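Enquirer: Chain residues, written in single-letter form:
Protein chains: 2
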Amino acid sequence: MSKFSSQDSDSSKNGSRVNSESNTNEEYAKGDGKLGFSNHPAQLYKILPPQIRRRIKALKKLQVESVRIEAEFFAEVHKLECKYNQLYSGIYQKRRAFVTGETEPNDQDCDFTLDASLDGVAEGGNEQGFSPFGAVDANTKGIPYFWLTIFKNVDLLNDMVEPHDEPVLKHLTDIEVEFLENDPMGFVLKFVFSPNEFFSNPVLTKYYEMRCKPDEEDPFSFEGPEIIKCKGCTIDWYKNKNVTKKTVKKRQKHKTQGTVRTVSKTVKNDSFFNFFDPPQVSDDENEDVDAEIQAILTSDFEIGHYIRERIVPHAVLYFTGEALEEEEDLEEEEEEDDDELSEDSDENESVVLCKDSKNNQQAPECKQQ
Amino acid sequence: MSKFSSQDSDSSKNGSRVNSESNTNEEYAKGDGKLGFSNHPAQLYKILPPQIRRRIKALKKLQVESVRIEAEFFAEVHKLECKYNQLYSGIYQKRRAFVTGETEPNDQDCDFTLDASLDGVAEGGNEQGFSPFGAVDANTKGIPYFWLTIFKNVDLLNDMVEPHDEPVLKHLTDIEVEFLENDPMGFVLKFVFSPNEFFSNPVLTKYYEMRCKPDEEDPFSFEGPEIIKCKGCTIDWYKNKNVTKKTVKKRQKHKTQGTVRTVSKTVKNDSFFNFFDPPQVSDDENEDVDAEIQAILTSDFEIGHYIRERIVPHAVLYFTGEALEEEEDLEEEEEEDDDELSEDSDENESVVLCKDSKNNQQAPECKQQ
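Protein chains in written order, with the working numbering: chain R, 1 to 369; chain Y, 1001 to 1369.
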């Protein structure tokens, strides 16, 4: 049976066509050509008689009202998410216990038959088994390097991980999400670590604040809650264990005496753990934010959202890679759509006069609803 | 202030990077190379010792439980959507009245100041004003060709519209959505027409049925409700007005006598109105569906979803083109991300051993939540 997931906005593209015959758009093209509107044909509303444009103002005012109701809808969805996060908590606790080895699953716990590669001897014929991250054998507790493996599997996360972070991330035993219902709306990611030689904190936290209110000046850009702010935490590194700093040595020559000495300087080091020290910006929305800082924050918000939304709820599927394969499949479908699209516009170039400016129209924003 | 909309899964890509330095992945690459797993590094879980793989089975069983709860969450979100559709109904009624001219908005209704192009004389200097679809002037009622303009502006819809459909679509005065809460979950699109010379139906309907249940055999592919079925309606065309049929004339030559006669044959014609006559498939899920029919249905479901989800709630913004511009902006951002991604992988080719197979990982499916 053919199906279309209503969640799958990536497929809501104009690539698929029902009718293969091209549409000459004669009538429309005529209007367009006549007035020389080379941009969006949609801009044509601007040339309607004033009496009609006045009525469009009324529709736009109604739309502002509609957006306000939409914001309430999204707030209710967020409330539902808070409620369901509680419902998942028992599952998450069990997962953590199995991963750390605190609890050994019994036969009923392991009654899962949909993945044959989890039965019998290891693939590749190595009976002992193997892990790329360190020694494992039949006596290894839990699922070793579970979260580190996820970090390495997911590009968005792996891009933050430096080789010197890996020994630290081997101690990551869980990521929990706490939802904040309102005042302000937000969520906290809690990275739980086993006792280790790097820092004393049992948990590192990253706080995200969201806003679920249309912009007064630009109400129609509203698409649901957005992350607007984040805050990290202080990591209590043990001496000489801070991977976010490095010492560089520099030779200094005395200008007049000619003597040379070596000075040590501590500088910032690339590390995943900089994730807990994001750039701080002023609360004043009108203050300009440096473009580089802006880019770091955009990326940070994206990562925080992805961890909350994809990684934590589906961790085992990122560990096995299944979730990645699905994302790839989706991407391939998207590319096929794009190909189809560009072929179409080539073929129709001579007859479809209004098409070029519209071919850019693409997938709707992914909307939480 | 930098922001990241949590709805915007299109941006949840691996294109943005926090650390610009490349990661050599030495440790990971070693494991990968050693065993010759050239595909997903994630496949490495298959070579773990059996005792550990057994625990992964336990996690997967937990994940099945998690997916079941997720399905309940989505059902509750759908319920919320039903509730909110009621809340929007007053706004939709007013919109329809302004569009048809049934009600003339008063000054308070038109108190909207965020679009200067709606005030003063028409752009292009034509004081009278102009519409590409037909004569308009100061005395024209309502907002003429409102829905036809939307159909022409949105590629996904415009691709279905043939020149002979346009005179019919000029009579489209509203699209309503009725939500069906459950048994089965679904929605109905109602296309409302003013009295016209083409058909007698005041309303044409398209019914969509959804399923909100994980597949027993493939539970992890569940991403929320999906459209699984649709049904159109019979259009009562007036004589010789059916745009979905055309008459073709064919010369037939008698084989032995050599006489020639002309026969007329009625065949299917490309038309938007074929949207109300989708291919019917068997209810038996295991029965094979023809690939062409499958493609038509996938496209149909996508269009139905798009009309419900984007067009109806934001109609005026598709009329003015603003909604299209936003979708384009998003698409451009996406392309920029892709560019960045491919540059990165080129640069790092020599050092990043495990990267190639992972660079394909892409945006998460857009998830309703």
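Derived from the structure by calculation, the hints contain no laboratory data.
Hints are not guaranteed to be accurate.
Pulled a few chain R residues facing chain Y out of the computed Cβ check, cut under 7 Å [claimed, not checked]: (1) Lys57; (2) Lys60; (3) Phe112; (4) Ala138; (5) Val188; (6) Val192; (7) Val203.
In this text, all values refer to a predicted model and were calculated from it rather than measured experimentally.
Glycine included, every Cβ here is placed at the ideal spot set by N, Cα and C.
Enquirer: Tell me the numbers of any earlier hints that the structure contravenes, in ascending order.
Expert: Hints 5, 6, 7 contradicted; others consistent.
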